[in-house]
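So the protein sequences, as listed, match chains A and B. The working numbering numbers the first residue of the first sequence as 2 and each following residue consecutively. The working numbering numbers the first residue of the second sequence as -8 and each following residue consecutively.
Any given hint might turn out to be false.
Unchecked claim - Below 25 Å or equal to it, Euclidean Cα-Cα: the simulated DSS-like pairs (lysine-lysine) are:
1. B/K528 with A/K57
2. B/K528 with A/K47
3. B/K448 with A/K57
4. B/K365 with B/K448
5. A/K51 with B/K528
6. B/K365 with A/K57
Note that these hints are calculated values from the structure, not bench results. Here the structure is a predicted model, which is why all the values come from computation and not from measurement.
This is what each chain is made of:
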Amino acid sequence: MIGAIIHVIVIVTVPPLLLGLINKFEASLVGRRGPVLLQPWHDLVKLLRKEVVLGKGTTWIFIAGPVASIASMWLAACLLPLGGMPPLISFEGDFILFAYLLGLGRFFTVVAALDTGSSFEGMGAARDVRFSCLAEPGIFLGLLSLAKVTGSLSLARMLGDTLGAMTFALAPSVVMIVLGHFIIMLAENFRIPFDDPKTHLELTMIHEVAVLDHSGPLLALVQYTQSLRLLVTASLIAQLVLPAQLLGAALLNAGFAAMILILAGCVGLIESILARIKMARLPHVLTAAILLCGSGFILIMR
Amino acid sequence: MTLTLLVTALGLSALSGFVGLFAPRTRLSDILSAILMVTAACFGFGAALPALFTETALVTAFPWPQAGGTSFGIDALSAFFLLPVFVMGALGSIYSCAYWPASKHRNAPRMRICWGLLISSLGLLVCARHAFVFLLGWEAMVLTAFFLIVGDDNSQQGRRGSLVYLVASHCGTLALFAFFILRMNFTGSFDLSEASMLDGSLPIAGIMFGLVLMGFGIKAGFMPLHFWLPEAHAYAPSHVSAMLSALVLKMGIYGIVRAISITTHIPQTWGLVVLALGAASSLLGVAFAIAQHDIKKLLAYHSIENIGIILLGLGMAMLGRSLNNPLLLFLGLAGCLFHVWNHFVFKSLLFFGAGAVLHATGTREMDRLGGLVKAMPLTALFFLVGAVAICGLPPLNGFISELFVFLAMASSLKTPLGLVALAIPVLAMTGALALACFSKVFGVVFLGSPRSRLVDKAHEASPSMLVPMAAMALLCVFLGFFTSLFVPAIARIAAIFATDIDVPQSITQSFPFVPLQLVFALLLVLCCVIGIGLLAKTLRARRSMVWDCGYEVPNARMQYTAASFARSIVNMFRFFTGSQESVGKIEGHFPLPAEAHDKASEPVLDRLVLPGFRILEKASTFVKRFQKGVTQNYILYILIGLLCLFATLVPYDQLWKLLAGSQ
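Use the sequences and the hints to build the structure in full.
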């Protein structure tokens, strides 16, 4: 019971902190002091206090977009184990529910973008669904390999027991899957090299332009969902690389927090070093991620 | 008692159309036949529901003296397919009261008669226990559906679509005749029950399986036998398209399931073939769907995708039978059958919605619509429910059946055939493409601003069109939450499908319905809570311009169209879909108007089937030499025929003895 409450508190409060950490790290890499760690929370509170401004011609679907994405993202976060804390809801096959909950959020975001009747949002929506078509098979291939290794179909055991259940010969496959998942994580969160979260040049945005016309409380929901998505997709990798058998619960929590910080650092590092890849090449990068996960799967199946 | 109810239901539905002949061209005839059909549906429910939940199969004699007595009856599998038949019959006739009223359409009496006959022939076909009764129901279904598809005789495309449907269906029926006759030769009976089991490991059984796939496959519409589907669905009236997609396609699936259930020792290759067909149909079906501009053609190609998903489940069930694995069998069969029901529910909802749009605006072209949510709010809401359901998104019913199929494929990891799990990423990609497709349809048709003047006269659909849509939408939500009520029925059908494998209680209870219901309920509650939290501010919301990058005069033509939304995905699949894009040149400082065209064609029809038929036509022109219209030639042919017949009557052996004896 206490564990469940702590789980809920973590997934509600931590995501904007994570975003603040990434921003602080990127700033320190270039020698700036950067914004305060809690800046995203200050921004969210400020946005929530503003009035709602809707575009001319938009309907209730415009509001349903952010509402559905945050609800589905919170429920997806309830399905994940966080360090030593087991997931709130767990059953065989919950990784499929996880992927489809993310899809539900994406559907309503795209439909809300098309509601505005503006070509910018249409462009963002079209790009969003195009890249998700290539990201989905990769995630499923990676999770299937973990299912084969651990012999279980629930996320808690797939992510927790992999390091314990695998033999040394399977290590390269797991490394390939981790790499593939990392690339897909960057794609799903629209980070460099897929999209620059700081740009607002209309023709180069992907996700940012799909939510361009949201403002005030709706924008707060959208930004919060972004940060929660980062935490959720990073936990997939962080939980995977922790050796659950060797550590106790408290050490697992600490290790998980450390892994999330390391992943956030990697994201920040990549954002500071690399530039965004040409839009026409992005499907190739995603196909590379699919091939990485697929090769891992085939090696494990042997 | 059950059988009496069933016969009453079939009889009433057959007669429901004839009632309208007494008061043609009036609303009364529409309402009368709808009432009769609803009554028939109630009787049908009374017959099917008990059969679904009780153990026994009931069989009775169907009088056919020349065939030596045939039989028809109802068991759990028949009842499972019978329920959608009657639901569709009732809702479709209510829908057609407003969509195809007798006062506006000259051929409404014919449509109603054929609708009633179609429903009863579907019921007969599903309850048949003898090959002759089955084929009677099958042919009646094909012919009545043909007359329904033609609809309004005036459109040339409608005639072509219905003719392609008729020829394709009869090619399939030919394969079915061959299948039943071969079966009779090897098992000695025409029965479709356990009395005539066939061993699947014989080579002749492989040929029969091929015939089954061909015959039922043309009707089910999986790739590459799908070529008749898009045109027939697009040009038929919408309630007929709904019927085709929701029920007639499923009769192909029913046939395959029944044919497999009366075969023992199924080799693994059969299951793998069905799996491969399912994977190809689902991926290519949705790739074709995304390239379409016509709402109903898009929905038709989506039916192909969903048939692919059904086949994936069926393939896993067949593999479960071959590997003697009750978990695979149960999960695969549950996925297949629940998806049959779920597809019936949300596809008919979507076709009813598309029909409402067509009725209101007069066009099926997505790129001429837009902003319909303001004129037709309820239709848009129901269409949204259908779109979310068909993408397989929680908390609606599409997710449950897709989860069953996913779990079936994932459970194969523990068996020696683990590489079968490679179908899971294919299904995942299909799901993502379906999401792209339906967000495109809903967004372009209902949202944004109108792209042409056709939207000006749009009005909300009338209540008789809204009631079936609302019923289907409620059914989507109900099945999303309470599919667990029907799991015992699946267990019974598994016993019929695989008589030698016993599915224990532990497996049928193993599907995680309770956590899923919890998650779905939490989802709805969270959405409501956050929505209510925003409600106060939203009611006071200010309206302002949408961002236009500083351009002073944005207009509706600047919105993303369906073609532009789907363009990059269509480019990925251009090799398979054969769609062509031509973009006009814009050159110079004062360019002339240019046009961009995006054409989606049907490659199997245009490149394989029609050229094949043309070659057949050329090859058979030599027959023309015998048919020149000269009467003397025909008399000569009769004379030759008579001489040949006489020649067979000559007692050759006696003649030979006479000649040999005289030597």
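Right, here's what the structure says about each hint:
1. B/K528 with A/K57: 17 Å, holds
2. B/K528 with A/K47: Answer holds: B/K528 to A/K47 is near 15 Å, not above 25 Å.
3. B/K448 with A/K57: With Cα atoms ~21 Å apart, B/K448 and A/K57 stay inside 25 Å; holds.
4. B/K365 with B/K448: 12 Å, holds
5. A/K51 with B/K528: 9 Å, holds
6. B/K365 with A/K57: 12 Å, holds
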